[in-house]
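Colleague: Chains A and B, in that order, are what the protein sequence lines are.
First residue of the first sequence? That's 1 in our numbering, and the numbers climb one at a time after it.
First residue of the second sequence? That's 1 in our numbering, and the numbers climb one at a time after it.
Quick caveat, the hints were computed from the structure, so don't treat them as lab data.
Certain hints may be false.
What the hints assert, rightly or not - Over the 12 Å line for every Cβ pair with chain B, so calculated as not near, a few chain A residues:
{"no.": "1", "residue": "6"}
{"no.": "2", "residue": "58"}
{"no.": "3", "residue": "88"}
{"no.": "4", "residue": "111"}
Said to hold, decoys possible - If the Cβ cut is set under 8 Å, some of the chain A residues that face chain B in the computed set are:
{"no.": "5", "residue": "8"}
{"no.": "6", "residue": "10"}
{"no.": "7", "residue": "28"}
{"no.": "8", "residue": "38"}
{"no.": "9", "residue": "39"}
{"no.": "10", "residue": "45"}
{"no.": "11", "residue": "46"}
{"no.": "12", "residue": "47"}
{"no.": "13", "residue": "52"}
{"no.": "14", "residue": "90"}
{"no.": "15", "residue": "94"}
{"no.": "16", "residue": "101"}
{"no.": "17", "residue": "103"}
{"no.": "18", "residue": "104"}
{"no.": "19", "residue": "110"}
Unchecked claim - With beta-carbon atoms standing in for the labels, derived distance ranges:
{"no.": "20", "chain 1": "B", "residue 1": "41", "chain 2": "A", "residue 2": "83", "range": "18 to 26 Å"}
{"no.": "21", "chain 1": "A", "residue 1": "82", "chain 2": "B", "residue 2": "18", "range": "20 to 28 Å"}
{"no.": "22", "chain 1": "B", "residue 1": "3", "chain 2": "A", "residue 2": "17", "range": "17 to 25 Å"}
{"no.": "23", "chain 1": "A", "residue 1": "60", "chain 2": "B", "residue 2": "39", "range": "38 to 46 Å"}
{"no.": "24", "chain 1": "B", "residue 1": "29", "chain 2": "A", "residue 2": "27", "range": "37 to 45 Å"}
{"no.": "25", "chain 1": "A", "residue 1": "20", "chain 2": "B", "residue 2": "55", "range": "34 to 42 Å"}
{"no.": "26", "chain 1": "B", "residue 1": "54", "chain 2": "A", "residue 2": "9", "range": "39 to 47 Å"}
{"no.": "27", "chain 1": "B", "residue 1": "61", "chain 2": "A", "residue 2": "42", "range": "24 to 32 Å"}
{"no.": "28", "chain 1": "A", "residue 1": "17", "chain 2": "B", "residue 2": "30", "range": "42 to 50 Å"}
{"no.": "29", "chain 1": "A", "residue 1": "44", "chain 2": "B", "residue 2": "58", "range": "27 to 35 Å"}
{"no.": "30", "chain 1": "B", "residue 1": "41", "chain 2": "A", "residue 2": "60", "range": "24 to 32 Å"}
{"no.": "31", "chain 1": "A", "residue 1": "57", "chain 2": "B", "residue 2": "115", "range": "41 to 49 Å"}
{"no.": "32", "chain 1": "A", "residue 1": "57", "chain 2": "B", "residue 2": "15", "range": "24 to 32 Å"}
{"no.": "33", "chain 1": "B", "residue 1": "18", "chain 2": "A", "residue 2": "26", "range": "22 to 30 Å"}
Glycine included, every Cβ here is placed at the ideal spot set by N, Cα and C.
What follows is the residue order along each chain.
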Amino acid sequence: DTAVSQTPKYLVTQMGNDKSIKCEQNLGHDTMYWYKQDSKKFLKIMFSYNNKELIINETVPNRFSPKSPDKAHLNLHINSLELGDSAVYFCASSALPPYEQYFGPGTRLTVT
Amino acid sequence: GDSVTQMEGPVTLSEEAFLTINCTYTATGYPSLFWYVQYPGEGLQLLLKATKADDKGSNKGFEATYRKETTSFHLEKGSVQVSDSAVYFCALTEGAGGTSYGKLTFGQGTILTVHP
């Protein structure tokens, strides 16, 4: 059974479009995260939710909006896509400290 | 704020060579430290962790020791295999009792290539 799953795995779209990435975890964790990995492999946190409540919101354009319908799901909606949004987006989840995080397989977003 | 610095890559080794990837950190309090590995085309997997000073994390022949005095968490393996070729990330989270809810701060990643 996949612990953290993301859909889609690949997403190719044009500038100006709106797209969503879905994430689900079956580990029973309370906390979920979105990370962005750029072309140089650098990883940076974007958002974190704990029990459906937004707790971390890094400096991310407000075109990015996370939504957590329940604690097993965390979706990422992106409006008005730009070329610079091209990256791999990873979802992760964790339980209590030390917050060992489990990552999904990633969604490679390409904006043309 | 917290930060993690890894040695510059890429690192290229022959099979059975000794591996060291250096990692140093800056953090307040007592962070937990992690090494994650990313195989080509895949997500990140936790390789090992340490939650307090002098703890040694180990897994699959890899080891790292939490050194508070030198703020380091260097990754080592005595004999690498071709299958170890991947990107390795050092990372930290705020210690227990913190307010960051486990936000991971990553180093820049080190690409390791092992040749037969």
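Colleague: Decide, hint by hint, whether the structure agrees.
Modeller: Structure-based check of each hint:
no., hint, result
1, 6, "8 Å, violated"
2, 58, "8 Å, violated"
3, 88, "9 Å, violated"
4, 111, "20 Å, holds"
5, 8, "14 Å, violated"
6, 10, "11 Å, violated"
7, 28, "15 Å, violated"
8, 38, "10 Å, violated"
9, 39, "12 Å, violated"
10, 45, "5 Å, holds"
11, 46, "10 Å, violated"
12, 47, "10 Å, violated"
13, 52, "13 Å, violated"
14, 90, "6 Å, holds"
15, 94, "5 Å, holds"
16, 101, "6 Å, holds"
17, 103, "4 Å, holds"
18, 104, "6 Å, holds"
19, 110, "15 Å, violated"
20, B/41 / A/83: 18 to 26 Å, "23 Å, holds"
21, A/82 / B/18: 20 to 28 Å, "44 Å, violated"
22, B/3 / A/17: 17 to 25 Å, "35 Å, violated"
23, A/60 / B/39: 38 to 46 Å, "27 Å, violated"
24, B/29 / A/27: 37 to 45 Å, "27 Å, violated"
25, A/20 / B/55: 34 to 42 Å, "40 Å, holds"
26, B/54 / A/9: 39 to 47 Å, "41 Å, holds"
27, B/61 / A/42: 24 to 32 Å, "27 Å, holds"
28, A/17 / B/30: 42 to 50 Å, "45 Å, holds"
29, A/44 / B/58: 27 to 35 Å, "28 Å, holds"
30, B/41 / A/60: 24 to 32 Å, "25 Å, holds"
31, A/57 / B/115: 41 to 49 Å, "44 Å, holds"
32, A/57 / B/15: 24 to 32 Å, "45 Å, violated"
33, B/18 / A/26: 22 to 30 Å, "39 Å, violated"
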